[in-house]
Amino acid sequence: MHRSPQLPDAGFVRPFVVTHGRTVGHAGDIALETMVEARVLDGALAPDHAAVVDVCRVGPRSVMEIALELTIPIGVARVLVADLTATGHVEQCTTAETEKQEIVERLLAGLRAL
Amino acid sequence: MFDSAEPRDLEVAPPPSSAHRRRSHDRRRLATFALAGLIASLILAARVSSVAGLGAAGVTVLILGVTFLQQRRAAARRANEPQTAEEAIALADLILGGDLPPPSPHPAADAVDEVAHELYPIDDAHSADTGFAEPAFADAGAVEGSAEDSADVNNPATTENDLEPFLELGGLVHDLLVEQMRVIEVLERDEISADGLQQLFRLDHLASQMRRAASSMLVLADRDAPRHLGQPVIMHQVAQAASSGIARFDQVDIHGLTDVAVAGSVAADLAHLLAQVLDAATEASPGTRTAVQGVATPEGYLIEITDQRAETNDEWVHAANVALGSGQIVGRASDLGLDIAVVSRLAVRHGIAIAFAVVPTGGMASRIHVPQMALARIAHATATMPGTPGETPQAAAPGGETAQQSAHAAAQLEEFPTEEPAHEANGYHAFADHVPSNEVPSDPVPGDPVPGDPVPTDHLPSDPPAMDQPVAGHAPHEFGALAETPAAPWDAPAEDLTEAWTELAQSQRAAIEWAADPTMEPTHQDAAAAAAADSPTLPPAADEPAFDTAPAPFDEEPAPFDAAPQAAAAADGLAEHLSTTIPDGLPAGPLTEEDLSRLSGTGPIAPPPED
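Going down the list, the protein sequences come from chains A and B. This note's numbering puts the first residue of the first sequence at 1, with every later residue one more than the last. This note's numbering puts the first residue of the second sequence at 1, with every later residue one more than the last.
Hints were generated in silico from the structure; no laboratory data involved. Please note that a few of the clues may not be correct.
[Stated by the list, open to error] Facing chain B, according to a computed beta carbon distance under 7 Å, are these residues of chain A, among others:
hint	residue
1	Val13
2	Pro15
3	Val17
4	Gly28
5	Ile30
6	Pro73
7	Gly75
[To be verified] Residues of chain A clear of chain B, computed beta-carbon distances all greater than 12 Å:
hint	residue
8	Gly59
9	Pro60
10	Gln92
11	Cys93
12	Lys100
13	Glu102
14	Ile103
15	Glu105
16	Arg106
17	Leu108
18	Ala109
Beta carbons are placed, not taken as given, at the ideal position from N, Cα and C, and that holds for glycine.
Start from the sequences, fold in the hints, and give me the full structure.
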């Protein structure tokens, strides 16, 4: 028989439910390397969005880093970040020239971790 | 061998009953899933050639599985189950114009009967008991069918033993679908294109629905493998998982449900149960929103699914409440439909109570009460309050990749001891153990929530309200969908929660009273004593590290127990518990944060009583 209980089960919550089936967030398309940081706002968030804000609270994060940290698909993280950008819960940060090197390195590290 | 049953199945002129309509609906839906599987596999094959074989195999076996279900249903009609016998009588009644004929006027049927009786002599005794059911059914086949068809209907060889291959294939379908979903997950993870992700989402959605169909098939056959997620799951995620398995998932709005978690051994079944209810709710109310919300009760957690369907069927609601409230498994051939049959099996398995109610302002409310023993508590209040997203656990992630989440969740959740078979068999009696300490400060006798007070014996109304009566003023909240109003407040205001809590508690009390056997005099002292004797396990201490109970092995069979007497006695005990604790526990004004914390069960946990 095919059954193989040792194999990890498929994900419990399917990614498409997290974004209500959307693949583009409310702020439109957002680049994967876009850095965002959390803004303190009143009002409750749904758990999935709240988790993204939580990650960004530590410091600026790229969409790809958020996806890695939350172990969610990149496309889902991008939708969530776009939603939060539209509501102002996260903000895209403008980076100084001197920080570019660091960003590229972190992006590289993120890509390797994939 | 498959075809021999199918034409027979179609040739029977079935009664124009709701049961039949429901069955053809189910069958059409299964056929749709098979077709969807074909499309899904083709798209997948075109996308990634390595999974082409897998997809094709999945579809083939799924079609076999659908055939199995039809065969199984035909067999269920043939079998000697009470509900199928009743259906047989109804069928014969309709076909033959209301009068049952004398047994076996047809020579072919006679011959078949002889063979059948030789093979199954015990049928003689049974036929003598039931009198007319079997001959009537044989005759119903013989009237409009050929001798060959009759032979097929009455051939005892096409019974349980012969279904074994179909059950095996059903399991195979399920496992292949799970594997397919894992492949889709890998593709989704790295998909950068929005259009590509959209296609993968469609594939994922189809596979999720197919998987639920396959799971339902296995549940109906009592062949589903226990699925242990290994860690407690936030109720919000359980509801999300449930909505991923239904066609109209985008109609579902999940509000809150972050203040409680479900034991890993129950989460998958609860998600399946919720999916069945959500599917029925959304299918009945296309284009409108279906709300999922919940509130903690002293005995567990009450989930309410409110749809806005235009047409409600009071008779169905009443019949479903009677059937589900009995604590018995609802048969596959029930007029209530396959959804209810699946739901009842899952509910009985975990001591979950279900009731439906028509909402006066329109729509229907489905209430699902999950017992405390199936829940895990979120240890820190900061994680439970709406508006403090900082501690909220992350979104669910693909399986096998959740190491961080495990650690994160482990820091927040405490699982109640749910693994002891004796505990499971106790039904609601075990709840009293887990009542938060500020609810029952020092309860020496579990099940008796007011120590020292005499147990009132006349607190139950003599005429409990019927569950299908409207529940006043609980219209679904007008929350915008996330899609329209991103990051809108998604929790009900405290006042609404108070109102909802009151109504749900009353409703639940009515449901439990009503579900309890009305002929049985409540013996509360006995119930309390039984609860004390049957519930030796204790909640973990407050400072105990997060759940350390090892996940049950997958091949471990769940402890079988006869649910009916347990459920009746448990319902009795719960009715008593609710009626004695709720009036005291209900806050008079709007809920304060402390109330919310208490209602969520996040207060300090009672130290284990000394035995």
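Taking the hints in turn, this is what the structure says about them:
Checking Val13 of chain A against chain B: minimum C-beta separation of about 3 Å stays under 7 Å; hint holds. Interface restraint check for Pro15 of chain A: the shortest CB-CB distance to chain B comes to about 6 Å, inside 7 Å, so the restraint holds. Because the smallest distance between the Cβ of Val17 of chain A and any Cβ of chain B comes to about 4 Å, under 7 Å, the interface hint for this residue holds. Look at Gly28 of chain A: its Cβ only gets to about 10 Å from chain B, farther than 7 Å, so that hint breaks.
Annotation: interface hint on Ile30 of chain A violated; nearest CB of chain B at approximately 10 Å, more than 7 Å. Restraint check, Pro73 of chain A versus chain B: the minimum CB separation of about 4 Å is within 7 Å; hint holds. Using the Cβ-Cβ criterion of 7 Å, the hint placing Gly75 of chain A at the interface with chain B is satisfied: the shortest such distance is roughly 4 Å. The non-interface label for Gly59 of chain A is consistent with chain B: the shortest C-beta to C-beta separation is roughly 15 Å, beyond 12 Å.
For Pro60 of chain A, the condition that its CB be more than 12 Å from all CB atoms of chain B holds, with the nearest at approximately 17 Å. With 12 Å as the threshold on Cβ separation, the claim that Gln92 of chain A sits away from chain B holds: the shortest Cβ distance comes to roughly 16 Å. Against chain B, the non-interface label of Cys93 of chain A holds: every CB pair exceeds 12 Å, the least being about 19 Å. The beta carbon of Lys100 of chain A sits about 22 Å from the closest Cβ of chain B, which is more than 12 Å, so the claim that it is off the interface holds.
Distance to chain B confirms Glu102 of chain A as a non-interface residue, since its nearest Cβ pair spans about 23 Å, more than 12 Å. The Cβ of Ile103 of chain A sits about 18 Å from the closest Cβ of chain B, beyond the 12 Å cut-off, so the non-interface label holds. The beta carbon of Glu105 of chain A is kept farther than 12 Å from every beta carbon of chain B, the shortest such distance being approximately 21 Å. Its beta-carbon lying about 18 Å from the closest one in chain B, Arg106 of chain A satisfies the requirement of being farther than 12 Å from that chain.
Distance to chain B confirms Leu108 of chain A as a non-interface residue, since its nearest Cβ pair spans about 16 Å, more than 12 Å. At roughly 16 Å from the closest C-beta of chain B, the C-beta of Ala109 of chain A stays outside 12 Å, upholding its exclusion from the interface.
Checked against the numbered hints above, the structure violates hints 4, 5; every other hint is satisfied.
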